[in-house]
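Colleague: Produce the entire structure from the sequences given, and follow the hints as far as they go.
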Amino acid sequence: MNSMIAGTRSRREALNETQVWHVYARRKYEEPLHEIGNVMADDVELAKVYARSIYDEFSWVEMVIIPRDSIVTVIES
Amino acid sequence: MAGTHIDNAALFAVLSSVADNKQAIGRRYAYWCNGAPALEAAVAAAAMAQDELGHARTLYPLLEDFTQAESVPSQVEPMTRTLHYHVVYLDHDFQGWSDFVATNFLLDTALTTFFAAAQNSSYEPLRQRSRKIVHEERIHEMHADGWVRRLAKAGGSVRSTLAASLFRLWDETLCWFGPEDDPNMQSLYREGIIDATPDELRRRYLQKIMPTLSSLEIDVPVSFNADTKCWELRQSLPWNIWDSVTRRKSVG
Numbered sequence: 001m002n003s004m005i006a007g008t009r010s011r012r013e014a015l016n017e018t019q020v021w022h023v024y025a026r027r028k029y030e031e032p033l034h035e036i037g038n039v040m041a042d043d044v045e046l047a048k049v050y051a052r053s054i055y056d057e058f059s060w061v062e063m064v065i066i067p068r069d070s071i072v073t074v075i076e077s
Numbered sequence: 001m002a003g004t005h006i007d008n009a010a011l012f013a014v015l016s017s018v019a020d021n022k023q024a025i026g027r028r029y030a031y032w033c034n035g036a037p038a039l040e041a042a043v044a045a046a047a048m049a050q051d052e053l054g055h056a057r058t059l060y061p062l063l064e065d066f067t068q069a070e071s072v073p074s075q076v077e078p079m080t081r082t083l084h085y086h087v088v089y090l091d092h093d094f095q096g097w098s099d100f101v102a103t104n105f106l107l108d109t110a111l112t113t114f115f116a117a118a119q120n121s122s123y124e125p126l127r128q129r130s131r132k133i134v135h136e137e138r139i140h141e142m143h144a145d146g147w148v149r150r151l152a153k154a155g156g157s158v159r160s161t162l163a164a165s166l167f168r169l170w171d172e173t174l175c176w177f178g179p180e181d182d183p184n185m186q187s188l189y190r191e192g193i194i195d196a197t198p199d200e201l202r203r204r205y206l207q208k209i210m211p212t213l214s215s216l217e218i219d220v221p222v223s224f225n226a227d228t229k230c231w232e233l234r235q236s237l238p239w240n241i242w243d244s245v246t247r248r249k250s251v252g
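As given, the protein sequences belong to chains A and B, one line each in that order.
Residue 1 is where the first sequence starts when you use the numbering used here, and the numbers rise one by one after that.
Residue 1 is where the second sequence starts when you use the numbering used here, and the numbers rise one by one after that.
Don't take every hint at face value.
[What the hints assert, rightly or not] Which stretches of chain B does chain A cover? Using the computed rule of at least three CB atoms under 8 Å from a CB of chain A, they are: (1) 19-28; (2) 42-48.
[Stated by the list, open to error] A few chain B residues facing chain A, derived, Cβ under 10 Å: (3) Leu-39; (4) Glu-70; (5) His-140; (6) Met-142; (7) Ser-160; (8) Ala-163.
It is worth saying that the hints were derived from the structure and are not from the lab.
Virtual Cβ for every residue (Gly too), placed ideally from N, Cα, C.
Modeller: Structure (structure tokens):
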């Protein structure tokens with residue numbers, strides 16, 4: 001199991017996949033966007049594809065992705 | 001029911017090949033649902049496999065409406081069909097993730113070019129399906145473009161493996177549209193079923209894929225003609241080993 005995890009990590013590193021994107025979506029226009037998960041991708045277009053394919057459990061009316069490194073902490077937990 | 005059947009051998013032949021390619025792509029993609037380089041890519045592969053098999057499942061039933069299917073009804077059912085008019089590249093399992101990426105980038109984009117040319121088709125069932133497929137394929141194209149860029153920019157053996165996958169699929173994909181005098185594609189063009197000849201389909205296809213390949217300096221035998229603002233093949237295609245009935249390379 002450890003070797004499998006290490007193998008996955010090395011492939012990720014080889015392809016330089018390090019950027020995390022937070023995925024927000026809403027099902028109705030009267031609802032606010034809320035965080036439904038995240039995806040990892042260094043390419044914004046791939047991040048969009050991944051967000052759509054992973055979080056396809058509902059017919060969302062809106063979905064956006066936000067790069068984690070653009071988030072500014074106001075109150076640290 | 002016989003009176004309602006369509007007698008169009010050219011359309012039957014091309015639809016058979018499109019359906020077989022979609023079916024084979026879906027099956028090959030399915031093997032990579034748990035083998036992609038990352039979890040996200042694996043989930044996307046599963047979704048794309050579903051899409052491709054779904055496209056095949058909407059195309060095979062069309063074949064039942066043709067008189068050409070009457071003599072061998074088992075050949076219009078994907079479960080009983082023994083003829084396989086998909087490209088030779090899909091005869092075997094993908095050797096690696098780069099084969100998945102190359103298939104998506106080259107072959108699936110070629111099929112989408114065909115569907116794009118059928119969005120105003122005089123054959124209504126194909127017109128309807130083409131519009132939906134072209135819409136769904138936008139996501140596949142984003143996936144293809146993103147992965148070609150990532151593998152190419154990784155350099156070293158990752159890049160060379162991608163280049164090898166693209167090279168293996170290159171000629172056969174370009175041949176799939178047929179030579180300019182291909183009787184089936186020309187028939188479809190004359191009847192308004194598609195809005196382009198084989199050469200025009202190939203020209204449109206190269207305009208779609210070449211900006212990415214060129215920007216990544218992946219060497220393919222294509223040049224940009226500054227006068228016509230078009231990408232043009234530098235080499236002739238291997239028509240001597242391409243079969244116009246099966247729309248694939250001869251094996252052997």
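Colleague: Confirm or reject each hint.
Modeller: Structure-based check of all given hints:
1. With 0 residues having a beta carbon nearer than 8 Å to a beta carbon of chain A, the stretch 19-28 of chain B misses the requirement of three or more and the stated coverage is violated.
2. Against chain A, the stretch 42-48 of chain B contributes 5 residues with a C-beta closer than 8 Å to a partner C-beta. That satisfies the three-residue criterion, and the hint holds.
3. Interface restraint check: B:Leu-39 against chain A, minimum CB-CB distance 8 Å, threshold 10 Å, status holds.
4. The closest approach between the C-beta of B:Glu-70 and any C-beta of chain A is roughly 40 Å, which is over the 10 Å cut-off, so the hint fails.
5. Using the Cβ-Cβ criterion of 10 Å, the hint placing B:His-140 at the interface with chain A is satisfied: the shortest such distance is roughly 8 Å.
6. Contact between B:Met-142 and chain A, as hinted, is supported at the beta carbon level, the nearest pair being about 5 Å apart and thus within 10 Å.
7. Interface hint at B:Ser-160: violated, since its Cβ lies 14 Å from the closest Cβ of chain A, which is beyond the 10 Å cut-off.
8. Because the smallest distance between the Cβ of B:Ala-163 and any Cβ of chain A comes to about 16 Å, over 10 Å, the interface hint for this residue is violated.
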